[in-house]
Every structure is written in C-alpha cells, then in structure tokens.
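A.B. asks: The primary structure of each chain is shown beneath.
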Amino acid sequence: MNGILATFRRELRAYFFSPLAYVVLFFFLAVNGIIFIYLIGQMNDPRAAGGPPLGYFFRATWLMLLLLGPVLTMRLVSEELRSGSIEVLMTAPVTEGQVIGGKFLAALVFYGFLWLPTVLYGVMINAYEKVDWGPVGAGYVGIMLIGALFLAIGIFASATTRSQLLAAMMTAAMLFLLFLLGVFEELVNNDVAKKALGYVSIWSHIDEFANGIVDTRRLVFYLSGTLFFLFLASRALEDKKWR
Amino acid sequence: MIEAQSLSRRYGDFTAVDGISFSVKEGEILGMLGPNGAGKTTTIRMITGFLPPTSGKVTVAGKDLFESPREARRQVGYLPENVSLYPEMRVSEYLAYRGRLEGLSRAELRQAIPSVLERGLLTEVKDQIIGTLSKGYRQRVGLATAILHNPRVLVLDEPTVGLDPKQIISIRELIRQLGREHTLLLSTHILPEVELLCDRVVIIDRGRIVAEGTPESLRESWMGNPAVRVAFKDAPADAAAALAGLPGVVGVKDGAAGGSWLLECERGSDPREAVFRTAVERGWVLLELARERGATMEDIFVRLTTHDAVETPPAAETQTAEPPKEEQREVAS
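Those protein sequence lines, which keep their order, are chains X and D. In the numbering used here, each residue's number is its place in the first sequence (first place is 1) plus 463. In the numbering used here, each residue's number is its place in the second sequence (first place is 1) plus 208.
Mixed in with the good hints there might be a few duds.
Claimed, not checked - Straight line, CA to CA, 20 angstroms or less: simulated SDA-like cross-link-like pairs of lysine to any residue:
1. D:Lys-343 <-> D:Asn-290
2. X:Lys-657 <-> X:Phe-684
3. D:Lys-334 <-> X:Ala-477
4. D:Lys-265 <-> X:Glu-701
5. D:Lys-233 <-> D:Arg-360
6. D:Lys-343 <-> X:Gly-547
7. X:Lys-704 <-> D:Pro-260
8. X:Lys-704 <-> D:Leu-404
9. D:Lys-233 <-> D:Leu-404
The set of hints was computed from the structure by calculation and includes no laboratory data.
Start from the sequences and build out the full structure, keeping to the hints where you can.
C.D. replies: And the structure:
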C-alpha cells in the first residue's frame, strides 16, 4: 500500500511539474473546443440530424486518445530505467506491482483532470436546452474505461524500454492496431469474425456509451484488459533484473 | 548482519561474479576493493536485492533476501554508484517521498527528515530543486535517503567517486560517523579510503575474492619480511658481518648509498635496539635507523589484481573486454 501511495503521489506531482502536462492540456482543450464549436454550429442547422450534441462530441474526441495514451505514459517507467533511479526504487521495500499500480493511478487521475473542463460544455448546453445527464455520464464512463486501457498499454510499453521515444511508438502502434480492429469490423463479411471484432471495437463501444448504454461486457473487456496490461508491465519491470 | 553465500551472477555468457562468499558482522565496516569491472557493483546489487543472483544466497539481518525481500530490504540503506534522483523535486520533498516508500508514518517522517538533513549538512538546501544541486550535494542527498529509515545495514557503492577533494573529506567524515551506528558495506577502488575507513577488506578481482582480512593482516601477509634500514658514518668494514649476527636478522643487503645496509628480519622481530647497542659498543656513529615502510594496500592491490601474460588464461582476452559491457548493462539492457 505504501508503495502504491508513495509512487502515486510522486508521479502525480511529476505530471503537474512538467511542462509537457500543460502543453498536452492546452492542445487537448483547444482541439476539444474546436470540435465542440463545430458540432454546435452544425447542429444549429435545422436540416441537421438530431440527437444529444455531447454524444457526437464523445464519438469525435475519443480519437485523440490515440495520441494522448503514448504521450501521457511514455515517461513513466522508461525515465526511471534510463536515469537509473529504478535502482533505489526497486531496492526499497515495494513490489513491482505496487510501483506500476501507483504510476497507473497517477496517469489515470491526470487523464481525468484533462477531461474535467469538458464538463463545462454540458453545463453550457444545459443553459439553452435541458441536457439528459445519463448518456453524458455514460459517455464519461466510456472515456475513462478506454483511457484506462490505453494508459495500461502505454505503461507496459514504457516498462519494456529505457527509451521514451520507443515506448511512445510502441504504444501508438498497439493503440492503432486496436483502432483498426474497429475498422475491420465494418469490412469483414464473415459473421463470426464480425462479432469477434465487434467485441473489441472501440468504435462501437464509444457509440454505445455515448447513447447511454453501459454494457457489462464492455466493463469486463476494459477492466480485464487494463489489469492484463498492468500485470504485463510489472512482469516486464521484474524481467529487467534477470537479464 | 550480511551473509553472502557463494553468490554468482552471469550476464549471458559472461560471468560477472563467480561464487563469492563473505559476511559482514554487526557494527563492522567492510571494504570491498577491486579494479573497475571486477564485479563489485554486481555483488552489491545482489546484496541490496536489485539483481537476483544466478546462484547463491544472501541474508540480511537474518532475513533471506529472496524469501522475504520486503523485510530484508527494510534493513538496508543503499547508495548506488550513480545516484540518480528526480531532478524536478525539492530535497525535502524527495526525502518525504523516499520515506513513504520505506513505509515511514507521517510522525516518523516529521522526525527523520530534519535529522538526516542536518546529518547530511543539507539543511540550507532543503528547499532547493534537486536538478540545481552540485554532484557533491546530490551524493549527500543520496546518503541522507539511505539512512532515512534508520536501517541496520548501509551499503555504499563508491560513495566518493566524482567528488572534489573537499567534498570527499566531508563525505568520508560522514561515513565514519555512520559506521559507528550502522553495519557498513563500502565498495571502492580508492585505496586510502579503505585504510582510512574499513575494519576489514575483501579484494575482488574478475568476480572472485582474491584476498580477505583486516588492512593490517593483509599488509602483513603480503609484504614479506619486515626490513630495517641502517647507516653508519664512515662505513665500518665489519659492519655487515656484525649486523648479520644480530638476533632476528635473516639477511643483510647493501643499501643504496655507501655505509648503509638493509636488514631483512624475521617476522615479528625488531632488531633496532640491538643495532643501537652494537653501534654504541663498537663506537660507530649511527646516522640512520628506520623501519622500512611496509607494503601498502596499494602494493597488495596491484599484486593481486595485475595479470601478466603468463598467468592469464586463454579466455582472458574476452574477459578483459567484458567489463565495459557490464557497465552498459548497469540498469537494464
């Protein structure tokens, strides 16, 4: 417990003390804002399809996670491996799992912090037209679940190498593959394959979440996937000492 | 306090440490000496639990490092060779973080941090960002974190490397103080440091222990017979014969200058008094009478770790080429 908590506190501070965090925050909000303005503009057209604007918002913005995942996680373990601070870290009475867990939670909290200002969009719309908060909440659940999986994948990549660049590239490649599986779902004709791809397709998941559906199968998929990659990350860190 | 039993560590085909066994008793300062690439850092990493040994076993304060790693690690404070800290943190923040990692409570932290700041002479930089500190200060921060949780064992890997002479003196002073309260394992390749600080020495070369003992006993067993230098005025003709007849004297050699001799003596004997009496009896004017400086740690070290062509096994070429490889692998390849 000490290990998780101490690592969590230090990593969260590290996020807020690094210029990267503010650059990420700035661009994330800028792009989000542009998407939001564009969406509202389009939906004001009487000929536009109806529906809750924030539903479209989630469907569009989740794509940014493909970039956010690598950027937020690349430093987490690689930096310790490169600088050698891993040596005093892993000779403290903590386990690899605790260290990875603490780092993951810090990344997740920072990630949540990035999304926090977007709640204002809901509040703004609510001033003009009543917002159905249920689907919005479901959308955020989806965003957090997808984010958790992406961050776990990123931490795993970061634990395998001392180069941040390599970690970021590996993460981006894995996330892109996951993204493509959703595209393939639309392309395949085989029913079984379509179903299987549908199960892992983030596209269809975010659609469901944005419509207010929180399916237990999705919860299981994201939570088990997250744990699986965190487990791999702690094994990767442990493996470093055997070679 | 520390028991290492036939520790070995291989990196691929290269054996960095080859069956090292030693123990450090409670309250002792053990120096680990060896040329670069001898396997000191690898050994130390196995003792602190950073590297698992390929074979062998380590216990610290009675706890096996691999059966109960957390209990064992709690007893160890470790200063690695390259102290790397988080540059964006302030000194006191970093200490608080390390304390929490070690499982110290808030109250314990409040007590421990000011005390290690003071001991490490860090109080005036406690609010500085670590990235702006000089190497000497960072080394001290590393030492401060090593003693923060008041471990029974301290392991310091080359604590004075890369420091200026003044900093070296102050770090050594700190180490000497720490040695009074902790069991200390100190690795170094700086010889005077060993003689200055250590109760006992282990010399490692090519992954093996080549000598072990107190600095004095090592010196004694490696320096050969003690010698005494004598010089008389006007070089009396029968001096050599008279000196050879003295009790305890095994051989007499002519010294560098005319009228001086070098007496080789039996171990444990000191013929200086006899030389003086002989001089008085015969009316010779004694100009010089001194014990030759015995072997230093340096002589012993060089003798034990220099490999000339004859005794070098055929595999030596790859072996001497290997040490830098070990450095590269330092953290994780």
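A.B. asks: For every hint, state whether the structure bears it out.
C.D. replies: Against the structure, the hints come out as follows:
1. Under the criterion of a C-alpha separation no larger than 20 angstroms, the hint pairing D:Lys-343 with D:Asn-290 is consistent with the structure, at around 10 angstroms.
2. Restraint check: the Cα-Cα separation between X:Lys-657 and X:Phe-684 comes to about 17 angstroms, which is no more than 20 angstroms; the hinted pair holds.
3. Restraint check: the Cα-Cα separation between D:Lys-334 and X:Ala-477 comes to about 18 angstroms, which is no more than 20 angstroms; the hinted pair holds.
4. Our distance criterion of 20 angstroms between C-alpha atoms is met by D:Lys-265 and X:Glu-701, whose separation comes to about 19 angstroms.
5. A C-alpha spacing of about 11 angstroms is found between D:Lys-233 and D:Arg-360, which places the hinted pair at or below 20 angstroms, so the restraint holds.
6. For the hint pairing D:Lys-343 with X:Gly-547, the CA-to-CA distance comes to about 15 angstroms; that is within 20 angstroms, so the pair holds.
7. A hinted pair counts as satisfied when its Cα atoms are at most 20 angstroms apart, and X:Lys-704 with D:Pro-260 qualifies at roughly 7 angstroms.
8. Between X:Lys-704 and D:Leu-404 the CA atoms are separated by roughly 34 angstroms; this puts the pair beyond 20 angstroms, and the hint is violated.
9. Distance restraint check for D:Lys-233 and D:Leu-404: the Cα-Cα separation of roughly 19 angstroms lies within the 20 angstroms cut-off, and the hinted pair is therefore satisfied.
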